[in-house]
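Participant: Full structure from sequences and hints, please.
There are 2 protein chains.
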Amino acid sequence: MTADARIERVDVHDVRFPTSLHRHGSDAMNPDPDYSAAYVVLRTDDPDLPDGHGFAFTIGRGNEVCCAALRTLAPYLVGADVAATVADLGELARRLTHDSQLRWLGPEKGVMHMAAGAIINAAWDLAAKLAGVPLWRLLSDLSPERLVELVDWRYLDDALSPGEATDLLRAAEPGRAARVATAAAHGYPAYATTPGWLGYDDATVTRLAAQAVRDGFRLVKLKVGANIEDDVRRVRAARAAVGPDVRIAVDANQRWGVREAVAWMEALAPYRPWWIEEPTSPDDVLGHAAVRRAVAPVRVATGEHVANRVMFKQLLQAEAVDVVQIDAARVAGVNENLAVLLLAAKYGVPVCPHAGGVGLCEMVQHLAFFDFVAVSGTLEDRVVEYVDHLHEHFLDPAVVRGGRYLAPQLPGFSTEMHAQSLVDYRYPDGPVWTRLSSEKGVPDGSDRSGGAGAY
Amino acid sequence: MTADARIERVDVHDVRFPTSLHRHGSDAMNPDPDYSAAYVVLRTDDPDLPDGHGFAFTIGRGNEVCCAALRTLAPYLVGADVAATVADLGELARRLTHDSQLRWLGPEKGVMHMAAGAIINAAWDLAAKLAGVPLWRLLSDLSPERLVELVDWRYLDDALSPGEATDLLRAAEPGRAARVATAAAHGYPAYATTPGWLGYDDATVTRLAAQAVRDGFRLVKLKVGANIEDDVRRVRAARAAVGPDVRIAVDANQRWGVREAVAWMEALAPYRPWWIEEPTSPDDVLGHAAVRRAVAPVRVATGEHVANRVMFKQLLQAEAVDVVQIDAARVAGVNENLAVLLLAAKYGVPVCPHAGGVGLCEMVQHLAFFDFVAVSGTLEDRVVEYVDHLHEHFLDPAVVRGGRYLAPQLPGFSTEMHAQSLVDYRYPDGPVWTRLSSEKGVPDGSDRSGGAGAY
Numbered sequence: 001m002t003a004d005a006r007i008e009r010v011d012v013h014d015v016r017f018p019t020s021l022h023r024h025g026s027d028a029m030n031p032d033p034d035y036s037a038a039y040v041v042l043r044t045d046d047p048d049l050p051d052g053h054g055f056a057f058t059i060g061r062g063n064e065v066c067c068a069a070l071r072t073l074a075p076y077l078v079g080a081d082v083a084a085t086v087a088d089l090g091e092l093a094r095r096l097t098h099d100s101q102l103r104w105l106g107p108e109k110g111v112m113h114m115a116a117g118a119i120i121n122a123a124w125d126l127a128a129k130l131a132g133v134p135l136w137r138l139l140s141d142l143s144p145e146r147l148v149e150l151v152d153w154r155y156l157d158d159a160l161s162p163g164e165a166t167d168l169l170r171a172a173e174p175g176r177a178a179r180v181a182t183a184a185a186h187g188y189p190a191y192a193t194t195p196g197w198l199g200y201d202d203a204t205v206t207r208l209a210a211q212a213v214r215d216g217f218r219l220v221k222l223k224v225g226a227n228i229e230d231d232v233r234r235v236r237a238a239r240a241a242v243g244p245d246v247r248i249a250v251d252a253n254q255r256w257g258v259r260e261a262v263a264w265m266e267a268l269a270p271y272r273p274w275w276i277e278e279p280t281s282p283d284d285v286l287g288h289a290a291v292r293r294a295v296a297p298v299r300v301a302t303g304e305h306v307a308n309r310v311m312f313k314q315l316l317q318a319e320a321v322d323v324v325q326i327d328a329a330r331v332a333g334v335n336e337n338l339a340v341l342l343l344a345a346k347y348g349v350p351v352c353p354h355a356g357g358v359g360l361c362e363m364v365q366h367l368a369f370f371d372f373v374a375v376s377g378t379l380e381d382r383v384v385e386y387v388d389h390l391h392e393h394f395l396d397p398a399v400v401r402g403g404r405y406l407a408p409q410l411p412g413f414s415t416e417m418h419a420q421s422l423v424d425y426r427y428p429d430g431p432v433w434t435r436l437s438s439e440k441g442v443p444d445g446s447d448r449s450g451g452a453g454a455y
Numbered sequence: 456m457t458a459d460a461r462i463e464r465v466d467v468h469d470v471r472f473p474t475s476l477h478r479h480g481s482d483a484m485n486p487d488p489d490y491s492a493a494y495v496v497l498r499t500d501d502p503d504l505p506d507g508h509g510f511a512f513t514i515g516r517g518n519e520v521c522c523a524a525l526r527t528l529a530p531y532l533v534g535a536d537v538a539a540t541v542a543d544l545g546e547l548a549r550r551l552t553h554d555s556q557l558r559w560l561g562p563e564k565g566v567m568h569m570a571a572g573a574i575i576n577a578a579w580d581l582a583a584k585l586a587g588v589p590l591w592r593l594l595s596d597l598s599p600e601r602l603v604e605l606v607d608w609r610y611l612d613d614a615l616s617p618g619e620a621t622d623l624l625r626a627a628e629p630g631r632a633a634r635v636a637t638a639a640a641h642g643y644p645a646y647a648t649t650p651g652w653l654g655y656d657d658a659t660v661t662r663l664a665a666q667a668v669r670d671g672f673r674l675v676k677l678k679v680g681a682n683i684e685d686d687v688r689r690v691r692a693a694r695a696a697v698g699p700d701v702r703i704a705v706d707a708n709q710r711w712g713v714r715e716a717v718a719w720m721e722a723l724a725p726y727r728p729w730w731i732e733e734p735t736s737p738d739d740v741l742g743h744a745a746v747r748r749a750v751a752p753v754r755v756a757t758g759e760h761v762a763n764r765v766m767f768k769q770l771l772q773a774e775a776v777d778v779v780q781i782d783a784a785r786v787a788g789v790n791e792n793l794a795v796l797l798l799a800a801k802y803g804v805p806v807c808p809h810a811g812g813v814g815l816c817e818m819v820q821h822l823a824f825f826d827f828v829a830v831s832g833t834l835e836d837r838v839v840e841y842v843d844h845l846h847e848h849f850l851d852p853a854v855v856r857g858g859r860y861l862a863p864q865l866p867g868f869s870t871e872m873h874a875q876s877l878v879d880y881r882y883p884d885g886p887v888w889t890r891l892s893s894e895k896g897v898p899d900g901s902d903r904s905g906g907a908g909a910y
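Protein chains in written order, with the working numbering: chain R, 1 to 455; chain Z, 456 to 910.
Read the hints as simulated data drawn from the structure, not as lab findings.
Glycine included, each C-beta is placed from N, C-alpha and C at the ideal position.
Incorrect hints may have been included.
As the list claims (entries may be wrong) - Rough simulated footprint, nothing fancy, chain R against chain Z, three-plus residues with beta-carbon under 8 Å: (1) 562-572; (2) 764-770.
As the list claims (entries may be wrong) - Computed Cβ-Cβ distance ranges for the label pairs, DEER-style: (3) Z/L597 x R/D11: 46 to 52 Å; (4) R/T378 x Z/E619: 44 to 50 Å; (5) R/A3 x Z/D843: 49 to 55 Å; (6) Z/D622 x R/R259: 14 to 20 Å; (7) Z/R601 x R/S437: 39 to 45 Å; (8) R/D11 x Z/R464: 30 to 36 Å.
Facilitator: See below:
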């Protein structure tokens, strides 16, 4: 690149897919999601250089608020030196999350934090493209010391020190090359959520669950939490469809209180759920710990809505979870997820990333491969969520074969959408939404009638 | 009112005050706040009816993101029947916080939650104005059953049931009338933060602390956390200035990790701090519990940045705090603060509200008076923060005399700003900001140079 290349513009796109039309993605708390991206592009001023792409994932309404947050953060990037920026992404992450005035709006949670994560991830996409390698390889080639510098250590001193983290990464260094080869050859285990959306009827659930097993998945997940009789019937049918050896996870999407969660899981216990995901509020560390004590040996999983490393730290300290479910686009990007991977490794809890939505599979696979190569060093009880929606919009879509993610090969973070998708699905005035809003009875994103049904 | 009056419009105002010019409000995490309001008005279509006013408090940059969130929530109010809305504000609060698509952006935290709180509080202002009474009186006249209906009970079942809450409120019913009279006659104890901003030099701190004592305050608060030697010197000087019997609270504004907090408080212990406020991340329940065990008998206080009732619940369950500091404008308004008051009463922990900023004193005094009348029933170790900034912008400003808040008398929630203030301080194009941005070297809200200095 030219020595003085700069980030010239930060483009923000409000992109929404009308997934609620077919109840894809429906669960006990989210009956009608329209998978959306508050999408950001870091445009360089050198035509020979790539751009950095990232996004926050939302489910429709409010995507415009995330876009506003991206525009508010843009001045941190506009005019920045490209080489200096990608050379110190720890510094960038800290600047974006520690702007004192913007921090007041969280701190480190909600819309502003998701927007910071989108920009940090876009910068990582740019860094990996400039390096000519997929992100998981870029991270896997960093020294323990460089990795530790990427983390914001504030608020972690009672759980993990930079020195401990360095030791932990050093201990995993000897096997890195072999695990890169293993990852490239055999991929990373995936699990299938496609069969289990709450809006699907029983026949669809059993048909898709059986198909998932034929496709090589060893874990399928079902949404639960709206009606206990329905859930017992659905989970029993799924168990019959997949046989005794395939794992079935269930996911309540935060629907329950603690006592309610325990009672509900007693009813589902005969069908041997592998984990219960999001039994209650993602903020409720003590609640998760109480549920976990009560429902063992069923595991407790959470993380897709956990706001930041401080909350993950406590879930681990309190022995509240058996499974840590990082999300690529909720916390402050790669950097904060690195902190969570290190915490999980210290406490010996497997990380099984959340994915689905739009583009979450594309991103989080990189973090899983990196975790295997350089942090945890193992695939045991590790599995990444897979949902077969909306991958066609990405230049480098996630690929799952035989129940395993194939290791990404192209440079970058797999975050880049086709330019035409950004145009077609632009909200509210792209051609897809213009057409839908002219058709009677089709959701246009402003309809609130079904939106607040979960309380 | 006319039987069919409706909310015709939801007006949103981005209002900012250039408080950073004089380092008012400076602390270890927030060196240069510009106190701001993402201000919302629920306009009725009947000219004989009042409007409802509310706002989220921010410290400058990002206020526009809160305004975007207010506009996103506005469709829930536009066209709503006024009488039906104010008759069931529990329902309104649940609809605003449980919109499934918007909930994804929290859940129940950050920008969307603050915006929901602003609108809920505006609706309470409207309700109290329609009833012709100050909000604290409106709440104090509701039956235990009606109060319990206002709370969103989701996620509380392991700590407090609606039945327990009803019992608790019934137990406080007999003394209500006497406490209304006491409150009206004697007010509510206040404490003074004005002396202790981190940007003030030692002479200013001691002069203002001594003045606060002469003005009748029995507790003053000092900001700490940037430099330990400076803090020891400042707290020692303040102790000398106020004498042995006036309480001195210290406030680290989330600057420390757990171990750091404990070490720092050891250094300050000789000057007998009454409480340490925000020693670490507001998300760190277990961290606060650890700090509390280590620094006793110094009390631990937090709450102004605690996102929601689930976090307050855990702070109480974990015995992590001695003082619960509700904020009127961070959680989902009056309704969620009512949940927190009930939780604090159950666990026997005093509530000492956070105030200051712009308009926080005006709002939170109503909740304190209500807590005294109908929930806790006591003033023991209760005290509401007071800062003497920006009250002149309100139609019904908070008044403190002899170290005590006087009970508000006018109908409403004291949230309404003068129309001229909304015009003068409109950002970025109101006359005050237009003038400031034309002067060299004056912050215009886009300068990031000092913003991220705290990490």
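Participant: Quick check: does the Cβ-Cβ distance between R/A3 and Z/D843 fall within 49 to 55 Å?
Facilitator: Holds, at about 54 Å.
Participant: Has the stretch 562-572 of chain Z got at least three residues whose CB is nearer than 8 Å to a CB belonging to chain R?
Facilitator: holds (count 8)
Participant: Lying within 39 to 45 Å: is that true of the beta-carbon distance Z/R601 to R/S437?
Facilitator: This hint holds: roughly 41 Å between Cβ atoms.
Participant: Should the hint that R/D11 and Z/R464 are 30 to 36 Å apart at their CB atoms be regarded as holding?
Facilitator: Holds, since R/D11 and Z/R464 (Cβ atoms, about 32 Å apart) stay within the stated range.
Participant: Mind checking the hinted window 14 to 20 Å against the Cβ distance between Z/D622 and R/R259?
Facilitator: Cβ of Z/D622 to Cβ of R/R259: about 19 Å, so the range 14 to 20 Å holds.
Participant: Does the Cβ-Cβ separation between Z/L597 and R/D11 fall within 46 to 52 Å?
Facilitator: holds, 51 Å
Participant: With a Cβ-Cβ cutoff of 8 Å, does the stretch 764-770 of chain Z contain at least three residues near chain R?
Facilitator: holds (count 4)
Participant: Look at the Cβ atoms of R/T378 and Z/E619 and judge whether their distance stays inside 44 to 50 Å.
Facilitator: holds, 46 Å
When the structure is compared with the earlier hints, no violation turns up for any of them.
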